[in-house]
Amino acid sequence: MNSVSGREMFLSIKDHTKKMVMSKIQLSHFYSLLIDESTDHNIKKHLIVYVLYLNDARKGSANSTFVELLPMENGNAKGISKNLCKVIEDNLLELEKLVAIATDGAFVMIGHKTGVVSHFQEILPRVMGVHCIAHRQALVTKHGFIDHPHVYAFVDKVANKWISRGHVMQRLVSIMPAILEQWSCQEKKWYKYATIYVVQFMIHCLADVLMELNKLNVEFQKQEMDITTIGALIDFTFEKLSRRYLCSHILDFAISSPHLSSFLKMTTENMFAYEDVDGKLHTHILRIESIGSLEECISMAQIYVKNILNAMNKGFEDSPIFNSFKVFSQSSYPSDAVEREKITLQCQTIDIRRCINEREDFVGMLYRIAKNKSMHDAWEFCRSNKSWWNMFPEMMKLWQLSLAIPASTVACECGFSRKNFIKNTSRCSLGLETLDALMFLSINGRESSSIDWIVMFDLKTSSKKRRAKTI
1 MNSVSGREMF LSIKDHTKKM VMSKIQLSHF YSLLIDESTD HNIKKHLIVY VLYLNDARKG
61 SANSTFVELL PMENGNAKGI SKNLCKVIED NLLELEKLVA IATDGAFVMI GHKTGVVSHF
121 QEILPRVMGV HCIAHRQALV TKHGFIDHPH VYAFVDKVAN KWISRGHVMQ RLVSIMPAIL
181 EQWSCQEKKW YKYATIYVVQ FMIHCLADVL MELNKLNVEF QKQEMDITTI GALIDFTFEK
241 LSRRYLCSHI LDFAISSPHL SSFLKMTTEN MFAYEDVDGK LHTHILRIES IGSLEECISM
301 AQIYVKNILN AMNKGFEDSP IFNSFKVFSQ SSYPSDAVER EKITLQCQTI DIRRCINERE
361 DFVGMLYRIA KNKSMHDAWE FCRSNKSWWN MFPEMMKLWQ LSLAIPASTV ACECGFSRKN
421 FIKNTSRCSL GLETLDALMF LSINGRESSS IDWIVMFDLK TSSKKRRAKT I
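Under the UniProt record's numbering, the first residue of the sequence shown carries the number 1, and numbering increases by one thereafter.
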């Protein structure tokens with residue numbers, strides 16, 4: 001088989017595999033689009049498209065799958081919307097089943113009246129626009145740096161560059177004594193800057209704050225994110241940061257903040273003292289410049305934390321919508337029966353009035369048979385039980401819908417990682433059709449033993465106008 005025939009067979013395998021994948025999506029009552037943009041080394045812009053749906057003929061677990069890599073010749077909202085509609089049409093998906101579109105939050109995606117989501121809402125008013133929670137969390141982190149830019153000139157670059165790496169700021173703090181020792185001898189300029197009291201104070205403060213935000217980051221980047229836990233995770237982080245840093249008494253400030261409280265204990269009368277592994281004491285004089293007393297540093301740290309908390313409030317205004325789906329998570333139920341009766345529903349994508357009559361009995365039954373189960377675990381428990389579909393048809397339908405609503409576009413990030421891996425291991429001049437096929441098969445492909453090669457050959461020959469030749 002020559003290279004041309006080999007490529008034809010390869011594309012036929014991709015077409016057959018895609019047909020199998022799309023047939024599963026077509027059976028799902030609801031699906032959502034996950035989209036994100038990327039620019040490669042050749043400055044070519046691409047739009048990656050994933051679909052979140054319920055497998056196993058509508059009653060299975062939620063699954064996200066790569067569908068297509070699109071060129072972005074025209075990166076405006078109208079052009080993107082047109083391409084997405086073509087993807088839906090070409091793959092025989094029903095537009096009416098689309099319940100949500102998850103994006104990175106760029107203006108072209110979520111802009112009021114002119115964004116991609118708005119274009120779809122003109123056709124389907126109930127389509128929900130989802131701003132990826134992982135992207136929102138990153139914006140929240142950066143928002144803390146809007147004040148005192150002269151103080152953050154050093155730490156801002158470090159924190160913003162490495163926030164996704166999680167523990168880098170903590171690592172910086174752990175090796176700080178060694179850095180100061182080396183700089184005191186070899187880098188006088190940097191040593192002078194690093195021994196400013198406010199700089200050391202804020203580095204240690206950032207290590208602790210970013211550690212907590214990174215915990216959110218890790219949870220939000222899980223592909224099987226339980227949307228019912230989003231509100232609880234945000235509330236818990238909000239309470240922890242408030243308790244640590246926004247206390248009224250100076251003696252209570254940062255008591256449970258591991259790195260910052262340790263720094264304050266090691267610093268007395270502007271002397272930063274520590275012992276090395278051999279028990280030898282090392283000291284560095286910390287300078288206080290125009291600003292930088294302990295009281296001023298605490299005030300700056302509190303402003304930083306307040307900025308983050310304000311950004312969390314503004315950035316996660318749709319938390320009540322996600323929280324309303326706690327009706328499907330028994331682990332979120334209050335123990336008091338009266339409080340359970342107050343559990344409400346909120347969903348803009350369908351008319352929930354038909355669910356109201358079933359809600360009370362549904363909550364009561366789920367509370368008794370799905371003890372301490374999350375939304376996904378409870379679904380696995382109930383979906384195969386015919387009596388649940390008979391007793392609560394509307395609530396089960398709403399449950400299906402909630403499982404098809406994405407919380408993030410993390411799957412798209414994984415897809416772009418696969419694209420870059422393929423291009424780096426092959427060559428950057430891959431055509432879009434070949435690159436798309438390689439991505440699809442590497443993400444969704446099956447083992448060669450499960451492929452019907454007779455069907456593959458028939459597909460290959462039928463796709464060409466020329467006569468098939470025996471191989």
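Please note that the accuracy of each hint is not assured.
Unchecked claim - Using 30 Å as the maximum straight-line C-alpha spacing, the simulated DSSO-like pairs for lysine-lysine come out as follows:
| id | residue 1 | residue 2 |
| --- | --- | --- |
| 1 | 14 | 373 |
| 2 | 113 | 82 |
| 3 | 240 | 215 |
| 4 | 86 | 423 |
| 5 | 240 | 265 |
| 6 | 314 | 265 |
| 7 | 78 | 59 |
To be verified - Label pairs and their computed distance ranges (CB to CB):
| id | residue 1 | residue 2 | range |
| --- | --- | --- | --- |
| 8 | 92 | 454 | 33 to 43 Å |
| 9 | 367 | 106 | 37 to 47 Å |
| 10 | 178 | 338 | 52 to 62 Å |
| 11 | 72 | 454 | 37 to 47 Å |
| 12 | 265 | 181 | 13 to 23 Å |
| 13 | 314 | 277 | 45 to 55 Å |
| 14 | 106 | 377 | 52 to 62 Å |
| 15 | 29 | 338 | 26 to 36 Å |
| 16 | 441 | 179 | 24 to 34 Å |
| 17 | 139 | 429 | 51 to 61 Å |
| 18 | 377 | 235 | 20 to 30 Å |
These are computed hints drawn from the structure, not numbers from a lab. On a predicted model such as this, the values are computed, not experimentally measured, just so you know. Just so you know, even glycine gets a beta-carbon here, dropped at the ideal spot from N, CA and C.
Original post:
What are the numbers of the hints that this structure violates, sorted from low to high?
Top reply: 1, 6, 7, 8, 14, 16, 17
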